Amino acid sequence: MAENRVGQQTIVFRNPPRIISSFATVGPDEGKGPLAQYFNDILEDPMLGQKTAEKAELKMLESTIEQTLAQAKLKKEEIHYYISGDLLNQIISSSFSARTLGVPFIGIYGACSSYAEGLGLGSVLIDGSYADKVLVATTSHYQTAERQFRYPIELNIQRKTSNQVTVTGAGVSILANAGDGIKVTHATFGKVIDMGLKDVNDMGSAMAPAAVDTLVQHLQDTNRSVADYDLILTGDLASQGKKMFGLLAKEKGISLGNKHQDAGDLIFSPQQDVGAGASGCACAAVVTIGYVMKEMYQGRFRRVLLIATGALMNALTFQQGESIPGIGHAIVLEV
Amino acid sequence: MDPKTKAEQKKYQELVKGHSKKTPILKHVVLAFLIGGSICLIGQIALNYFSTVERTQGEAAATTLAFMIFLGAMATGFGVYDILGEIGGAGAAIPITGFANTVVASAMEFRREGFLLGMAAKMFVIAGPVLVYGILAGFLVTLIKASLLGLFP
Amino acid sequence: MSLLIAFLVGGTICAIGQIVLDTTKLTPAHVLVGFTITGAILNGLGIYEPFIQFAGAGALIPVSGFGSAIASGMLAEVKRLGWEGLFTGAFEITGLGVTAAVVFASIIALIAKPRK
Numbered sequence: 008m009a010e011n012r013v014g015q016q017t018i019v020f021r022n023p024p025r026i027i028s029s030f031a032t033v034g035p036d037e038g039k040g041p042l043a044q045y046f047n048d049i050l051e052d053p054m055l056g057q058k059t060a061e062k063a064e065l066k067m068l069e070s071t072i073e074q075t076l077a078q079a080k081l082k083k084e085e086i087h088y089y090i091s092g093d094l095l096n097q098i099i100s101s102s103f104s105a106r107t108l109g110v111p112f113i114g115i116y117g118a119c120s121s122y123a124e125g126l127g128l129g130s131v132l133i134d135g136s137y138a139d140k141v142l143v144a145t146t147s148h149y150q151t152a153e154r155q156f157r158y159p160i161e162l163n164i165q166r167k168t169s170n171q172v173t174v175t176g177a178g179v180s181i182l183a184n185a186g187d188g189i190k191v192t193h194a195t196f197g198k199v200i201d202m203g204l205k206d207v208n209d210m211g212s213a214m215a216p217a218a219v220d221t222l223v224q225h226l227q228d229t230n231r232s233v234a235d236y237d238l239i240l241t242g243d244l245a246s247q248g249k250k251m252f253g254l255l256a257k258e259k260g261i262s263l264g265n266k267h268q269d270a271g272d273l274i275f276s277p278q279q280d281v282g283a284g285a286s287g288c289a290c291a292a293v294v295t296i297g298y299v300m301k302e303m304y305q306g307r308f309r310r311v312l313l314i315a316t317g318a319l320m321n322a323l324t325f326q327q328g329e330s331i332p333g334i335g336h337a338i339v340l341e342v
Numbered sequence: 352m353d354p355k356t357k358a359e360q361k362k363y364q365e366l367v368k369g370h371s372k373k374t375p376i377l378k379h380v381v382l383a384f385l386i387g388g389s390i391c392l393i394g395q396i397a398l399n400y401f402s403t404v405e406r407t408q409g410e411a412a413a414t415t416l417a418f419m420i421f422l423g424a425m426a427t428g429f430g431v432y433d434i435l436g437e438i439g440g441a442g443a444a445i446p447i448t449g450f451a452n453t454v455v456a457s458a459m460e461f462r463r464e465g466f467l468l469g470m471a472a473k474m475f476v477i478a479g480p481v482l483v484y485g486i487l488a489g490f491l492v493t494l495i496k497a498s499l500l501g502l503f504p
Numbered sequence: 084m085s086l087l088i089a090f091l092v093g094g095t096i097c098a099i100g101q102i103v104l105d106t107t108k109l110t111p112a113h114v115l116v117g118f119t120i121t122g123a124i125l126n127g128l129g130i131y132e133p134f135i136q137f138a139g140a141g142a143l144i145p146v147s148g149f150g151s152a153i154a155s156g157m158l159a160e161v162k163r164l165g166w167e168g169l170f171t172g173a174f175e176i177t178g179l180g181v182t183a184a185v186v187f188a189s190i191i192a193l194i195a196k197p198r199k
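Chains U, W and R are the protein sequences, given in the same order.
Quick note on this note's numbering: the first sequence kicks off at 8 and runs consecutively.
Quick note on this note's numbering: the second sequence kicks off at 352 and runs consecutively.
Quick note on this note's numbering: the third sequence kicks off at 84 and runs consecutively.
Mixed in with the good hints, there may be bad ones.
25 Å max Cα-Cα, derived DMTMM-like pairs, lysine to aspartate or glutamate [stated by the list, open to error]:
1) W:Lys-368 - U:Glu-329
2) W:Lys-373 - U:Asp-206
3) U:Lys-167 - W:Glu-365
4) U:Lys-198 - U:Asp-187
5) R:Lys-108 - U:Glu-84
6) R:Lys-196 - U:Asp-36
7) U:Lys-198 - U:Asp-228
8) U:Lys-190 - U:Glu-153
9) U:Lys-167 - U:Asp-280
10) W:Lys-355 - U:Asp-228
11) U:Lys-266 - U:Asp-228
12) W:Lys-368 - W:Glu-410
13) U:Lys-301 - U:Glu-10
14) R:Lys-196 - U:Glu-258
15) R:Lys-108 - W:Glu-359
16) W:Lys-355 - U:Asp-206
17) W:Lys-361 - U:Glu-258
18) W:Lys-372 - U:Asp-36
19) U:Lys-66 - U:Glu-84
20) U:Lys-39 - W:Glu-437
To be clear, the hints were calculated from the coordinates, so they are not data collected in a lab.
It should be emphasised that the depicted structure is a prediction, and the values quoted were computed from it without experimental measurement.
Extracted from the complex, chain U is given alone in its bound form (with noise of 0.2 Å):
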């Protein structure tokens, strides 16, 4: 019987980690956005005086690691696991930055579910006494998804309302078996749910439907309601996804009231002209930890629902005509 299990999904962390150094680093792009203030590192120049755009990547991913450590006053030896995840053909920017850091490694793929299902996997670890400090990271870049999913930078093409514009930017967190900071109580991981949506330019909505297939499932299996949360944030269903999220919660019963907020809608103003909103790994990861977790120490929020979600498809589905599977991966966070 696993005990540490309640309902059809949910894992409750009996010891809940600690998450006990974070640090989010973005683009000068998404550093001139509503949440500027929140954010550990603007970068001024997103290539890092790199030639190529993967190794900016990589390069900005390396630096929000060593400054996650250097926060913590860790060492990379007192690491135990290293987990992480991109958007990257064969997740070259994890495996790249696990090359530099020696950690032994756990690459995962959920797409811009990443941060969450990284936080869930090393919480286990933790909870399980397998690890005292798991590092869990993501990754992405507005040019290099640009040019593996879409089109050359420089070509003359026009967005559509709901196309949503990738974070330039990386997220690290360390989880600790002790120490203070946020704790991890809840992780429940989502299934893979395909609506038959086949729009590229629109995966908010391609998403939407996981993200209520998690939510729904979470508050049944903890039998807690929307009231017991302080803020469900998903991310990155933008502004076209946050609202089928909300259609579609309502036709479940759950009334979201004011309590939603979606990362890829929080990120940039509706004047920076990026379609829909925001997406790609950082996303969800760096408004976590830059807007909602100061706002958990500052005491705005005590519980949050974070619901990642990603777009399970590669460019060669697409131009094969199957839909976008999408997934939701909801971990609860409390102070």
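Got chain U sorted already, so can you dock chains W and R onto it with the hints?
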């Protein structure tokens, strides 16, 4: 909950359709008209000029096209053609300057993967279909027309 | 006068393209290919060349003019060589544009970097 049934999928797809933000078509069309028209206007100024220096109308047209391709390529190099495309949509894509943009943007983008397998191999990654279908359409049209005109013995 | 006609005609062609883009699921690539093919067919029907005579750059500069030029070049070569012209004519007129694009693209790729 089991994998979604066709009926559930269809219901959701209808819901999405009903709640998608409308594309500002009128604004897009007006901007496409203005930007596309302006590019053709520049082309006409060039054509008028080249008509005075070239010997035939055909040569003037060819020089004009080359000049417009040069303009499109330069605008891409300076990083402004993508902005023009964001604003003008089809107005920036359909003129020959847009064709130049697709070639130059691809060459710039993939140069990092090397000059052979990157820049050269991917230069026509977007413009390729235009060439392929232009040639196929031209071939069929000409085959039929020449046959009808009795140009083949 | 020629300037005004070029502006109006060129603008109208682009506006039609935009309407297709915004009201269908077609991508810009589909639209560009569609206009190229349309240009070639209209040329075959004997419509596009008089159209260029009338609208000048307004008909020449849009990618439909490119499609038309491929068909024109082929027919001219067929008249000169017979059936071989079907295979030599595609770049008779458009070769200049394609070569220009390749040369400029190569030079610019050496100098400029994509930015955002």
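Each hint tested on the structure:
1. W:Lys-368 - U:Glu-329: Answer holds: Lys-368 (chain W) to Glu-329 (chain U) is near 19 Å, not above 25 Å.
2. W:Lys-373 - U:Asp-206: 15 Å, holds
3. U:Lys-167 - W:Glu-365: Holds - the C-alpha atoms of Glu-365 (chain W) and Lys-167 (chain U) are around 19 Å apart, at most 25 Å.
4. U:Lys-198 - U:Asp-187: With Cα atoms ~32 Å apart, Lys-198 (chain U) and Asp-187 (chain U) exceed 25 Å; violated.
5. R:Lys-108 - U:Glu-84: Judged against 25 Å, a Cα distance of about 53 Å means the pair is violated.
6. R:Lys-196 - U:Asp-36: 19 Å, holds
7. U:Lys-198 - U:Asp-228: Distance ~14 Å between Lys-198 (chain U) and Asp-228 (chain U) Cα, so the pair holds.
8. U:Lys-190 - U:Glu-153: Not satisfied, since the Cα-Cα distance of roughly 35 Å exceeds 25 Å.
9. U:Lys-167 - U:Asp-280: 11 Å, holds
10. W:Lys-355 - U:Asp-228: Roughly 21 Å between the alpha carbons, so the hint for Lys-355 (chain W) and Asp-228 (chain U) holds.
11. U:Lys-266 - U:Asp-228: It holds: about 20 Å lies between the C-alpha atoms, which stays within 25 Å.
12. W:Lys-368 - W:Glu-410: The hint is violated at about 50 Å.
13. U:Lys-301 - U:Glu-10: The given pair, whose Cα atoms are some 33 Å apart, is violated under the 25 Å limit.
14. R:Lys-196 - U:Glu-258: 49 Å, violated
15. R:Lys-108 - W:Glu-359: 23 Å, holds
16. W:Lys-355 - U:Asp-206: Holds. Lys-355 (chain W) to Asp-206 (chain U) sits at ~18 Å (cutoff 25 Å).
17. W:Lys-361 - U:Glu-258: The hint holds at about 15 Å.
18. W:Lys-372 - U:Asp-36: Within the cut-off at roughly 24 Å; holds.
19. U:Lys-66 - U:Glu-84: Satisfied, since the Cα-Cα distance of roughly 20 Å is no more than 25 Å.
20. U:Lys-39 - W:Glu-437: 20 Å, holds
In this structure, the hints that do not hold are numbers 4, 5, 8, 12, 13 and 14, in rising order.
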